[in-house]
Amino acid sequence: MAVRVQQEDFDVGAELLALRQGNPKIGAIASFVGLVRDINEGDSVAGMTLEHYPGMTEKALAAIVEQAEGRWDIYDALVIHRVGDLKPTDQIVLVAVTGAHRGETFAACEFIMDYLKTEAPFWKREKTAEGERWVDARESDEKAALRWR
Amino acid sequence: MAVRVQQEDFDVGAELLALRQGNPKIGAIASFVGLVRDINEGDSVAGMTLEHYPGMTEKALAAIVEQAEGRWDIYDALVIHRVGDLKPTDQIVLVAVTGAHRGETFAACEFIMDYLKTEAPFWKREKTAEGERWVDARESDEKAALRWR
Amino acid sequence: MLTVLYFARLRDALGVSSERVGLPADVSDVAGLVAWLRLRGGVWEDELAPGRAFRVAVNQDMADAASGIKDGDEIAIFPPVTGG
Amino acid sequence: MLTVLYFARLRDALGVSSERVGLPADVSDVAGLVAWLRLRGGVWEDELAPGRAFRVAVNQDMADAASGIKDGDEIAIFPPVTGG
Chain A
6 MAVRVQQEDF DVGAELLALR QGNPKIGAIA SFVGLVRDIN EGDSVAGMTL EHYPGMTEKA
66 LAAIVEQAEG RWDIYDALVI HRVGDLKPTD QIVLVAVTGA HRGETFAACE FIMDYLKTEA
126 PFWKREKTAE GERWVDARES DEKAALRWR
Chain B
6 MAVRVQQEDF DVGAELLALR QGNPKIGAIA SFVGLVRDIN EGDSVAGMTL EHYPGMTEKA
66 LAAIVEQAEG RWDIYDALVI HRVGDLKPTD QIVLVAVTGA HRGETFAACE FIMDYLKTEA
126 PFWKREKTAE GERWVDARES DEKAALRWR
Chain C
32 MLTVLYFARL RDALGVSSER VGLPADVSDV AGLVAWLRLR GGVWEDELAP GRAFRVAVNQ
92 DMADAASGIK DGDEIAIFPP VTGG
Chain D
32 MLTVLYFARL RDALGVSSER VGLPADVSDV AGLVAWLRLR GGVWEDELAP GRAFRVAVNQ
92 DMADAASGIK DGDEIAIFPP VTGG
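Protein chains in written order, with the working numbering: chain A, 6 to 154; chain B, 6 to 154; chain C, 32 to 115; chain D, 32 to 115.
Just so you know, the hints here were simulated from the structure itself, not pulled from any lab data. Only a predicted model underlies this, so the values are computations on that prediction, with no experimental measurement involved. All residues carry an ideal CB built from backbone N, CA and C; glycine is no exception. Be aware that one or more of the hints could be misleading.
[Claimed, not checked] Partner residues aside, some chain B positions facing chain C, computed with beta carbon under 8 Å:
hint, residue
1, Val8
2, Lys64
3, Pro126
[Stated by the list, open to error] Straight-line Cα separation of at most 27 Å, DSSO-like style, residue types lysine-lysine; simulated pairs:
hint, chain 1, residue 1, chain 2, residue 2
4, A, Lys132, A, Lys92
5, B, Lys30, A, Lys92
6, A, Lys30, B, Lys64
7, A, Lys30, B, Lys92
8, B, Lys64, C, Lys101
9, D, Lys101, A, Lys64
10, B, Lys30, A, Lys132
11, B, Lys132, B, Lys30
12, B, Lys30, B, Lys92
13, A, Lys64, A, Lys148
14, B, Lys30, A, Lys30
15, A, Lys148, B, Lys30
Working from the sequences, and respecting the hints, build out all of it.
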């Protein structure tokens, strides 16, 4: 398991390759990439700043991945989440899960994303034409996390 | 939408980048990579040959992607499936789906994989220590496809 | 005439990958064609017996027993698929 | 002493990112600490009012109203998270 919080961008292809290297029992890799969109809540977005709670963020992400590992038969999981200033089309987050079969890797990958959205201390501040604003939490994210209970 | 059946390997990072390039409304990319494992049904596997039905394969894959596009609010989808001789750790298949939000992209990506497994005319022939054998279809794959009905 | 294609394990078992056959007079659907092929006996009777797992496509679309067949069609018979 | 951290919109609204406070004598859980902070009035009363959406972590673990607090703890108060 690896969890990284960083300002730098990441190379999805290289990360997936590193994650599966050396384990010929892996038959499945499910992954998710979150990107900055140029629009949110109907307003055009010029960029955003991602704030986090250093120390707790890494701890929370590791706990989420551990839950996934306890729940599904997977081999490994990787979470990379960026912080700092980002602009539209920039990558925000990568979650990748390896396993023998696809069902477990899909479920674990989606579970990690859903929990990350509601449990990991990150906050987005958007730049729009009307100025900067903190992004509000979405009820749909709460619901997405609740369905795994 | 793009569907490719090819002998050559593919570069996941480059494919995902190409898929999202030019659309800053994309907030989510769910993807799946299937790999050749060195073990199956308890036997060690030295390699496999993937046969397909040229013409129908591409048509079947396109029909599956169209179903996904009709069912979920996604932007684009890509399916690459290799044929010919492959060895353990080789990439077999890539399915990638872009959209505004993660829920739709996860669902569409898993749907495409589940249908590909039961509807697209590919057949695997494995090389084991006891010789070559055709891989049997799995009941679990039938069940995985049925849950989308 | 029909083009009939066989793939994978079924092609190996039947020993033929493709053939051209005249549309038999009383065959108008997949069930009829399969029954007609079974009349060849031997491996044909075994492999295409009711209850054996095989799939049929008509003109590159998945078909079922009731799917119609007409002159000029491309029929394919193959085992359940195992890609991905 | 407690270390109390504030993040994101709450930090901006309260105008403080971190402070060190003596553990108030009658405070033993998250609910007690929040009630004590509300006594500061003004934005504290507004932002930490019952029904407002905020989260509290104790020693970097998500906590709830009943979670215990003891001398030396690191408490963080922040809005619902919006990463990913």
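Taking the hints in turn, this is what the structure says about them:
Below 8 Å, beta-carbon pairs count as interface contacts, and B/Val8 has none with chain C, the closest being about 13 Å; its hint is therefore violated. The closest approach between the C-beta of B/Lys64 and any C-beta of chain C is roughly 5 Å, which is under the 8 Å cut-off, so the hint is satisfied. A distance limit of 8 Å between C-beta atoms decides the matter here; for B/Pro126 the minimum to chain C is near 5 Å, and the interface restraint holds. With a C-alpha separation of about 9 Å, the suggested pairing of A/Lys132 with A/Lys92 holds against the 27 Å cut-off.
A threshold of 27 Å between alpha carbons decides the hint, and for B/Lys30 with A/Lys92 the separation of about 12 Å falls inside it, so the pair holds. In summary, the hint linking A/Lys30 to B/Lys64 is not supported, as the alpha carbons are separated by about 31 Å, beyond the 27 Å threshold. Restraint check: the Cα-Cα separation between A/Lys30 and B/Lys92 comes to about 12 Å, which is no more than 27 Å; the hinted pair holds. A distance of roughly 21 Å separates the Cα atoms of B/Lys64 and C/Lys101; the hinted pair therefore holds under the 27 Å criterion.
With a CA separation close to 21 Å, the supplied pair D/Lys101 and A/Lys64 stays within the 27 Å bound. With a C-alpha separation of about 16 Å, the suggested pair B/Lys30 and A/Lys132 falls inside the 27 Å cut-off, and the hint holds. For the hint linking B/Lys132 to B/Lys30, the alpha-carbon distance of about 45 Å lies beyond 27 Å, and the restraint is violated. Proposed proximity of B/Lys30 and B/Lys92 is contradicted: the alpha carbons are some 38 Å apart, above 27 Å.
Annotation: proposed proximity of A/Lys64 to A/Lys148 holds, straight-line Cα distance about 23 Å (limit 27 Å). Simply put, B/Lys30 and A/Lys30 have alpha-carbon atoms about 37 Å apart, too far for the 27 Å limit, and the pair is violated. A distance of roughly 23 Å separates the Cα atoms of A/Lys148 and B/Lys30; the hinted pair therefore holds under the 27 Å criterion.
When each numbered hint is compared with the structure, violations occur for hints 1, 6, 11, 12 and 14.
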